[in-house]
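Asks: Now for the letters of each chain:
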Amino acid sequence: MNSDFINTLLLTGKLAGWTTLILFVIGMPIAYVLAYKRFWFKSLIEALISMPMVLPPTVLGFYMLVAYSPQNAFGGFIEKYFNTRLAFSFEGVLLASVVFSLPFMIQPLQNGLTAIPATFREAAYTLGKSKTETFFKVLIPNMIPSIVTALAMTFAHCIGEFGVVIMVGGNMPGETRVASIAIYDEVQAMNFDVANQYSLVLFVISLVILTVIYSMNRKKKMLF
Amino acid sequence: MWFKKNIMLKINIERSMLTSEGKSLLKVDLEIADNELFCLFGHSGAGKTTLLRILAGLFKPDRGCISYNGEVWFDSDKKINLSPQQRNVGYMFQDYALFPNMTVRRNIEFAQKIKTPEEVEKLLNHFGLEALQKQYPTKLSGGQKQRVALARALAAKPNLLLLDEPLSALDEEMRLSLQDEILKAHEMLNSVTLLVSHDKEEVRKMASRVIVLRNGSVVNQGKPEEVFL
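Taken in sequence, the protein lines are chains A and B. Note that the first sequence covers residues 1 to 224 in the working numbering. Note that the second sequence covers residues 1 to 229 in the working numbering.
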């Protein structure tokens, strides 16, 4: 295995790892609000979060690329205050990946929270526990399978991402060239052996992740 | 006479309810004395659970006031509404709501405001739970869960004990034995207990006073032997 192969896989893991971590931190509060709060534009928020599941990745990638342009407000702000451009950079791909993977993190977390009987929260409140303490000591421990599912689904989805990455990041080795793009590239160059190696690694990782998810979901059914 | 005793809980509230038979208004004006085991009797949809949830602070009344031992818990005019955390009530839910991630012992410890292992031992011993203390709730029978829920509710040393049909899911034999457990819990608490029930025999055996709710309104109240002639 040459260093390109290893670097591409490491970059793929780095992108998926950072995306998963960032989404977990911002996804949990969003999932909490969507699970327990009622507000008039909730359906709109839920629809927006779910959009990446139905939208062609190239559409999202295109809009992200437009937004990254220094001629537009967001791209201009980033260039002015951070002296950088997001298009065709790892950071740009990471941001697009976070947006594109939102539903894969938030939906399992939201489902996990709503599956916990409301009386658990109410019992904790009547026992004098604050919302924060209830969240960390009652809700989180009783939704571990949902958390594992959310992390695994997000990670697995990021590893296989193609359309958004190629639109926003192109195919720059060491910067934006992830495994799914490398497979396409190697096939175009008729290097089927290398394409097969990449494919096999992605296949095994995805299989392991899905096996973990199904195993955790079986435990979840036994919990309540 | 009950009304000569020290009045602990004053309730005068209204709240609209949506039941299977349509909209109705829960309207209750009650005074409950210290040490009373008070029963809320009525068919489903009468407003019993709604009243219990209002007392716990889980539901907000549309108007009225609630006070406990002189402390105002709710007053719609003065815009006072204490949170469930501030009211310190022991609430036993119909499904017991034991936390599945905690053992029996941990469920009781979690409820304590000041951690005292001796108090946990006392409760485990009182409700015959020593052998089950390391078990998780999913492994317990309905009767065992009920005893753990009672012990947990008492561990917080609550002002009020609110029991929402605690025996409805149990068979006859288990009901009879656990009625005694509830009476023991009431004695331990040495304050006011409100019990929701739709079983006349249960009310006769346990309650010092009962109100009968129908479609949100109090249609009868008094001692059980007077109400259920």
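It should be emphasised that the hints constitute simulated quantities derived from the structure, not laboratory data. Here a beta-carbon is modelled for each residue, glycine too, at the ideal position from N, C-alpha and C. There could be a bad hint or two in this list.
Below, a list of computed lysine-lysine pairs in the DSSO-like style, where the Cα atoms sit at most 27 Å apart [unchecked claim]:
#1 K184(B) with K37(A)
#2 K200(B) with K184(B)
#3 K131(A) with K115(B)
#4 K200(B) with K137(A)
Some but not every residue of chain A turned toward chain B, in silico, with C-beta under 7 Å [to be verified]:
#5 A123
#6 L127
#7 P141
Coverage of chain A stretches by chain B, computed from C-beta distances (three or more under 8 Å per stretch; other residues unrestricted) [unchecked claim]:
#8 128 to 140
#9 173 to 186
Asks: Decide, hint by hint, whether the structure agrees.
Replies: Against the structure, the hints:
1. K184(B) with K37(A): This hinted pair is violated, its Cα atoms lying about 39 Å apart.
2. K200(B) with K184(B): 20 Å, holds
3. K131(A) with K115(B): With Cα atoms ~20 Å apart, K131(A) and K115(B) stay inside 27 Å; holds.
4. K200(B) with K137(A): 39 Å, violated
5. A123: 4 Å, holds
6. L127: Holds: closest Cβ of chain B sits about 5 Å from L127(A), inside 7 Å.
7. P141: Holds, about 4 Å.
8. 128 to 140: holds (count 5)
9. 173 to 186: violated (count 0)
The structure does not agree with the numbered hints 1, 4 and 9 stated previously, though it agrees with the rest.
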